[in-house]
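Just so you know, the protein sequences line up as chains A and B, in that order.
Residues in the first sequence are numbered consecutively from 0, following numbering that gives the first Met the number 0.
Residues in the second sequence are numbered consecutively from 0, following numbering that gives the first Met the number 0.
Don't read these hints as lab results, they were simulated from the structure.
This structure is a prediction, so every number in the text was calculated from the model and none was measured.
The beta carbon of each residue, even a glycine, is placed where N, CA and C say it ideally should be.
It is possible that some hints are incorrect.
Pair ranges (Cβ atoms, derived) [to be verified]:
{"hint": "1", "chain 1": "A", "residue 1": "L239", "chain 2": "B", "residue 2": "G80", "range": "39 to 45 Å"}
{"hint": "2", "chain 1": "B", "residue 1": "P261", "chain 2": "A", "residue 2": "N319", "range": "23 to 29 Å"}
{"hint": "3", "chain 1": "A", "residue 1": "N319", "chain 2": "B", "residue 2": "D48", "range": "44 to 50 Å"}
{"hint": "4", "chain 1": "A", "residue 1": "A283", "chain 2": "B", "residue 2": "T68", "range": "55 to 61 Å"}
{"hint": "5", "chain 1": "A", "residue 1": "P261", "chain 2": "B", "residue 2": "A198", "range": "49 to 55 Å"}
{"hint": "6", "chain 1": "A", "residue 1": "Q163", "chain 2": "B", "residue 2": "A318", "range": "47 to 53 Å"}
{"hint": "7", "chain 1": "B", "residue 1": "N310", "chain 2": "A", "residue 2": "Q108", "range": "55 to 61 Å"}
{"hint": "8", "chain 1": "A", "residue 1": "K11", "chain 2": "B", "residue 2": "V259", "range": "29 to 35 Å"}
{"hint": "9", "chain 1": "B", "residue 1": "D48", "chain 2": "A", "residue 2": "Y55", "range": "34 to 40 Å"}
{"hint": "10", "chain 1": "B", "residue 1": "A198", "chain 2": "A", "residue 2": "K11", "range": "46 to 52 Å"}
{"hint": "11", "chain 1": "A", "residue 1": "T214", "chain 2": "B", "residue 2": "G71", "range": "31 to 37 Å"}
{"hint": "12", "chain 1": "A", "residue 1": "P13", "chain 2": "B", "residue 2": "P261", "range": "32 to 38 Å"}
{"hint": "13", "chain 1": "B", "residue 1": "D48", "chain 2": "A", "residue 2": "T202", "range": "31 to 37 Å"}
{"hint": "14", "chain 1": "A", "residue 1": "L239", "chain 2": "B", "residue 2": "E314", "range": "36 to 42 Å"}
Next come the chains, spelled out residue by residue.
Protein chains: 2
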Amino acid sequence: MKIHAFASLAPKEPLQPFTYEVETLGSFEVLIKVSHCGLCHSDIHLIDDNWKRSKYPLVPGHEIVGTITKKGSAVDHLKIGQRVGVSWIHSACMECATCLEGETNICQQKKTTCNEHFGGFADHMVADGRFSFPIPETLDSAHAAPLLCAGSTVYAPLRNHHIQAPHSVAVIGIGGLGHLALQFAAAFGCAVTAISHSAEKETEAKSFGAHRFLTLEKPPAPNQFDFIISTVHADLDWNLILSLLKPKGTLCFVGRPKNVAPIDVSSLVSFQKNITGSATANRALMHEMLAFAARHKIKPKIEIFPLAHVNQAIEKVKANKVRYRVVLEIAN
Amino acid sequence: MKIHAFASLAPKEPLQPFTYEVETLGSFEVLIKVSHCGLCHSDIHLIDDNWKRSKYPLVPGHEIVGTITKKGSAVDHLKIGQRVGVSWIHSACMECATCLEGETNICQQKKTTCNEHFGGFADHMVADGRFSFPIPETLDSAHAAPLLCAGSTVYAPLRNHHIQAPHSVAVIGIGGLGHLALQFAAAFGCAVTAISHSAEKETEAKSFGAHRFLTLEKPPAPNQFDFIISTVHADLDWNLILSLLKPKGTLCFVGRPKNVAPIDVSSLVSFQKNITGSATANRALMHEMLAFAARHKIKPKIEIFPLAHVNQAIEKVKANKVRYRVVLEIAN
Chain A
0 MKIHAFASLA PKEPLQPFTY EVETLGSFEV LIKVSHCGLC HSDIHLIDDN WKRSKYPLVP
60 GHEIVGTITK KGSAVDHLKI GQRVGVSWIH SACMECATCL EGETNICQQK KTTCNEHFGG
120 FADHMVADGR FSFPIPETLD SAHAAPLLCA GSTVYAPLRN HHIQAPHSVA VIGIGGLGHL
180 ALQFAAAFGC AVTAISHSAE KETEAKSFGA HRFLTLEKPP APNQFDFIIS TVHADLDWNL
240 ILSLLKPKGT LCFVGRPKNV APIDVSSLVS FQKNITGSAT ANRALMHEML AFAARHKIKP
300 KIEIFPLAHV NQAIEKVKAN KVRYRVVLEI AN
Chain B
0 MKIHAFASLA PKEPLQPFTY EVETLGSFEV LIKVSHCGLC HSDIHLIDDN WKRSKYPLVP
60 GHEIVGTITK KGSAVDHLKI GQRVGVSWIH SACMECATCL EGETNICQQK KTTCNEHFGG
120 FADHMVADGR FSFPIPETLD SAHAAPLLCA GSTVYAPLRN HHIQAPHSVA VIGIGGLGHL
180 ALQFAAAFGC AVTAISHSAE KETEAKSFGA HRFLTLEKPP APNQFDFIIS TVHADLDWNL
240 ILSLLKPKGT LCFVGRPKNV APIDVSSLVS FQKNITGSAT ANRALMHEML AFAARHKIKP
300 KIEIFPLAHV NQAIEKVKAN KVRYRVVLEI AN
């Protein structure tokens, strides 16, 4: 069948209508009729080739919700007509030590949904059924879409680092990822602090679950957080931020700063502090996150654009004017 | 009583004979007749004021073994005549959240044995009984001394990061700390790799328990270690070293590089890698480490100097000619 998509044909150019043919499905593949797809900053990094690894033509989109219209011979656990979501990971090798432990999102051979593969800015897409996650009934498709990448990326570290209700958690950057991180951390029962350079986000940050709001202009008191999630791409004063951690505390990057982070190792040594990073979630946590979001009524605040207006949506994200996530709606 | 010590009176000067008076003991204090004291690189950093926080006159020495000759009214768990060891931590506040969790070595109010206090390059010293650890009978005093700082510093991270026998552990820098790290990691049953810039250390590194020996001149294969302990003070290519970790692997600094470490956060994000640090051990792990060393016959390779020759010993350490730890013997 012919798939109608929007593609980037060269770095930094507007997306163009683009069609491609799908002949047959592999044994593990499913064909998804896309209804919604989130627009993530990573899509824009790929479109603009900021990471110097983009492959053109490039169909962006990795926060995909749709229904299965066809499936490969080995896909037993999903049904035709079932509503599923697809995230950043298209597939993994399934046989390395990391995959065998279930940690498919950090497989060294993993393929991504919209670089090694055509993504979700399209009326249909082919996904790996093993990486297609049923969406709980109470989550509507438009709000479920951003959970698949932004949501899973901020949820997984809370679980992997064993964050519990008594912990004090700070979220740096209240955007697409950050506004979901506040909601998840609040639902975990934590003491939640939002840290932003935009003072005008205070009221809304508190509506997402932050108990406190800080800016970095006036350096906050040291030694107060167990866990800090940084969602920003800016180069902050990371040693100042490490000073905000309690002994044994952890700074977790889910956003990638533009430049290398100059870390003063002394504070790590003297107080057993930790620096880590995370992106999306393994398959078990993806299922768990969706169920948790449904149970706690966690949802992104979104602005919906028709797919045909994708270039306008990209400009609005680049101008930092979206509150807080764009979701593209695909008319079928 | 009058205590006869060696002290540093100004940065980078040779130590001088130095006496001071002890009138009475505080309730938690013990007077220790010192028999042996290790010479650690941290002593030299303090003597030379490399950390810009040395307080003169400064009596170095924080790997102390001796016997208790007097004790304060609140010291019930130790006996006069008992052999004990003292490490880097003189005392902690005992009331902050960190202390209440038992993590006294990362208390923000902790005092150090030989900067906020007179250390072990002396015939006697005053210690806090709560930070004086009985030495297991089968450990001789000269070999027990370096375990107290060097040993505890490489032991604690293995425990705090839940290192188990199937893990692959690398030790960077085969010196005072590194040669003990190899022994502990081997006793944990791990696959142990020594990484050194001195190719001539290969045979000895293997005698300490390393199964493999690598230099960094030829970059080792990526993705092979679960845990890397760096004991060095040099500025290495930390991003190359992070590439040697498997997904979810951890780089633990126990040595402090001279300069800030420029970290490419991307590899942390993409593969959930971790950077951490550690120094000495909490009191529970200090007891455990001593018992473990006794049970596994782990001991440092030492060169003994009489205390009167301390300046020669310091020169030999600075010239990187000691294999692998100096212990000062105090004639009483």
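Now for the hints, and whether the structure bears them out:
1. L239/A x G80/B: 39 to 45 Å: violated (50 Å)
2. P261/B x N319/A: 23 to 29 Å: For N319/A against P261/B, whose Cβ atoms are near 27 Å apart, the range 23 to 29 Å holds.
3. N319/A x D48/B: 44 to 50 Å: holds (47 Å)
4. A283/A x T68/B: 55 to 61 Å: holds (59 Å)
5. P261/A x A198/B: 49 to 55 Å: violated (31 Å)
6. Q163/A x A318/B: 47 to 53 Å: holds (50 Å)
7. N310/B x Q108/A: 55 to 61 Å: Check passed, 57 Å falls within 55 to 61 Å.
8. K11/A x V259/B: 29 to 35 Å: Given about 33 Å between the Cβ atoms, the range holds.
9. D48/B x Y55/A: 34 to 40 Å: Distance hint for D48/B, Y55/A is violated at roughly 57 Å.
10. A198/B x K11/A: 46 to 52 Å: holds (49 Å)
11. T214/A x G71/B: 31 to 37 Å: violated (49 Å)
12. P13/A x P261/B: 32 to 38 Å: At 36 Å between Cβs, range holds.
13. D48/B x T202/A: 31 to 37 Å: Violated: the Cβ-Cβ distance is about 50 Å, outside 31 to 37 Å.
14. L239/A x E314/B: 36 to 42 Å: Holds: the Cβ-Cβ distance is about 39 Å, inside 36 to 42 Å.
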